[in-house]
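Undergrad: First to last, the sequence lines map onto chains L and D.
Quick note: the first sequence uses our numbering, first residue 1, plus one each step.
Quick note: the second sequence uses our numbering, first residue 1, plus one each step.
One thing to keep in mind: the hints can contain errors.
As the list makes no split between identical chains, a pair holds if one copy fits it or if it spans any two.
[What the hints assert, rightly or not] Think about it this way: if two alpha-carbon atoms lie no more than 27 Å apart in a straight line, the pair counts; the simulated DSS-like pairs of lysine-lysine are:
hint: 1; residue 1: Lys139; residue 2: Lys2
hint: 2; residue 1: Lys5; residue 2: Lys139
hint: 3; residue 1: Lys2; residue 2: Lys15
hint: 4; residue 1: Lys5; residue 2: Lys15
hint: 5; residue 1: Lys5; residue 2: Lys291
Treat the hints as calculated values from the structure; they're not laboratory data.
Quick caveat, the model's predicted, so the values are computed rather than measured.
Residues per chain, in single letters:
Protein chains: 2
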Amino acid sequence: MKPDKILLDHGSGGKISHNLTMELILPIFGNNILDPLNDGAIVDAGGSRLAFSTDSYTVDPIFFPDGNIGDLAIHGTVNDIAMCGGVPRYLSLGLILEEGLPMADLETILRSARRAADEAGVMVVTGDTKVVPRGAVDKIFINTSGFGPIPDGIVVGSTRARAGDRVVLSGTLADHGATIMTQREGLTFDADVCSDSAPLNHMVQSVFAACSDVHVLRDPTRGGLGTALNEIAGQSGVGIRIDEDRLPVRPAVAGICELLGFDPLYLANEGKMIAIVPAHEAEAVVAAMRKDRYGKDACIIGEVVADHPGRVVMATRIGGSRIVDMLAGEQLPRIC
Amino acid sequence: MKPDKILLDHGSGGKISHNLTMELILPIFGNNILDPLNDGAIVDAGGSRLAFSTDSYTVDPIFFPDGNIGDLAIHGTVNDIAMCGGVPRYLSLGLILEEGLPMADLETILRSARRAADEAGVMVVTGDTKVVPRGAVDKIFINTSGFGPIPDGIVVGSTRARAGDRVVLSGTLADHGATIMTQREGLTFDADVCSDSAPLNHMVQSVFAACSDVHVLRDPTRGGLGTALNEIAGQSGVGIRIDEDRLPVRPAVAGICELLGFDPLYLANEGKMIAIVPAHEAEAVVAAMRKDRYGKDACIIGEVVADHPGRVVMATRIGGSRIVDMLAGEQLPRIC
């Protein structure tokens with residue numbers, strides 16, 4: 001039975017989000033640009049292609065180790081544009097502020113956003129500020145939207161994975177999700193657990209320079225790697241096989257996940273990307289990623305197969321294999 | 001003394017909003033595209049110009065006579081792009097939903113948004129849905145961002161008003177503001193008080209067809225006509241003189257304003273535009289607006305003068321004159 005009210009699960013980025021999109025939003029707004037459901041839209045502007053994306057940020061807490069809602073909001077949209085093959089250029093910044101928000105917090109958040117924009121090489125060119133009465137929003141929500149040109153010859157998309165391709169991951173899993181989780185639970189650890197929130201657009205350019213035929217780019221944010229790979233497998237009509245042994249997870253993050261019962265495969269990343277590329281170019285892509293400051297732990301984690309189309313299967317550490325489904329419920333609301 | 005917390009006034013669209021923008025946001029993000037503070041940004045994309053704009057909608061109630069937050073969100077961004085001289089084409093839709101929002105309400109809102117997009121001739125090409133726990137947002141907030149090309153030869157902007165120009169208004173004032181106010185207060189009237197929320201982009205094209213040298217376009221939303229004219233006077237370094245006698249206000253709206261103590265000059269409009277044009281083309285602009293279904297009450301309301309630069313002065317009905325300042329406080333939070 002379909003729920004008659006919005007549930008937290010509808011925002012998980014996982015299966016129930018996917019259903020809301022497929023059953024309500026697409027039937028109403030569907031068009032040939034929206035339908036592919038990539039991280040952003042690819043639109044025509046005077047004969048050249050632009051990548052256009054939007055995201056609202058509602059993360060709680062608004063300040064967390066190695067980031068805050070301000071830089072997160074810039075990184076997120078920069079990365080979505082980059083995952084479409086676009087060179088992010090212009091961003092908008094829409095602020096929704098709760099009456100009573102300390103001005104100093106707002107200033108810190110905006111300064112972080114500016115630094116993030118500078119690092120990514122994008123400009124905030126338009127904006128909007130709304131203030132709502134106490135209790136109508138929790139502290140601050142930010143929307144960023146933006147666009148940038150897609151260079152000629154670049155064609156990436158989640159329908160383009162082909163059997164034989166390799167799946168390259170740019171670094172450790174679940175850092176952002178585990179960080180927000182520990183903050184939310186009031187846990188503190190000696191261990192170094194901090195958000196991976198980062199701009200990936202420069203790394204994407206290095207990947208394009210190293211590989212002439214990148215098939216798919218995706219940043220596994222809400223819903224994590226597991227959900228992102230499922231979407232790609234479904235949209236490309238292929239199977240994906242990954243090796244648990246090869247998945248990079250920081251020991252501290254792995255420990256937290258075990259302690260709290262979360263699976264790092266489904267926790268959000270905010271500075272990691274998946275590239276699906278022809279096998280013979282995979283090592284070059286890994287090498288290109290490793291040269292970037294945000295790609296030092298890049299590695300090949302699996303491959304695209306003709307078997308089990310639409311499914312992701314993981315070879316486990318103990319020698320078995322298990323199906324990696326999309327995230328079914330909500331692991332953690334307000335992760336981004 | 002500067003406030004150390006965000007106040008409702010900071011979102012009014014009036015003087016205190018303006019201060020927040022000038023004293024905090026511009027010093028952090030300032031750049032040559034953002035600085036002009038038009039309704040949207042004008043950016044370069046492969047040699048052609050695009051108008052790019054964003055707005056978040058937090059209106060309360062979410063359903064009101066003649067509209068809801070869904071069509072309002074489409075109209076608002078369509079109009080901001082049109083006020084930059086752009087032809088709105090692609091929109092994004094970012095939803096922030098409260099856990100427990102009735103699915104039927106969401107569907108009604110999205111269907112209205114789709115109808116509004118169709119009427120305006122724009123496509124929703126990308127989106128994002130976040131769900132936050134009960135109490136973290138009030139029902140539903142929507143961000144729309146979007147862009148479209150600016151045809152060659154079109155140059156409008158709030159610095160371009162010149163002494164001698166006429167100020168043309170496309171219709172009655174304060175309809176949206178008065179409607180939200182009566183809903184909020186739980187007042188019901190026999191009289192026909194309903195939102196003017198409407199797309200203005202087709203009317204803008206008619207204005208361009210009728211007038212070869214449009215100087216300024218602006219939709220007087222938050223902060224109303226009074227605030228919009230002050231911004232133009234300040235940015236163009238000119239005075240503006242308007243006649244109270246000529247300002248079109250529906251009798252029912254005027255009555256509500258008197259009853260509740262609001263000034264229609266500062267109440268929000270969501271389907272009205274100001275055009276500042278050379279005197280000899282003003283009548284043609286009025287005629288062009290009147291042919292549009294949303295411009296039947298268009299008229300000339302005043303002129304641009306060399307006297308009192310930066311100030312707006314109104315000749316009152318009783319023969320005096322008064323300075324029309326920017327909105328100082330918050331008339332009504334969550335008007336849009």
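Undergrad: The structure should be examined with respect to each hint, and the outcome stated for every one.
TA: Now for the hints, and whether the structure bears them out:
1. For the identical chains of this complex, lysine 139 and lysine 2 are inter-copy neighbours only, at 20 Å across copies versus 32 Å inside a copy, given an alpha-carbon limit of 27 Å.
2. Taking the closest pair of Cα atoms, lysine 5 and lysine 139 come within 27 Å of each other both inside a single copy (24 Å) and across two copies (11 Å).
3. Within a single copy, lysine 2 and lysine 15 get their C-alpha atoms as close as 13 Å, which meets the 27 Å cut-off; across copies the closest is 47 Å, which misses it.
4. Taking CA atoms no more than 27 Å apart as the test, lysine 5 paired with lysine 15 passes inside one copy only; the shortest distance there is 16 Å, against 40 Å between copies.
5. Within a single copy, lysine 5 and lysine 291 get their C-alpha atoms no closer than 47 Å, and across copies no closer than 43 Å, so neither meets the 27 Å cut-off.
Comparing the model with each numbered hint stated earlier shows that hint 5 is the single one that does not hold.
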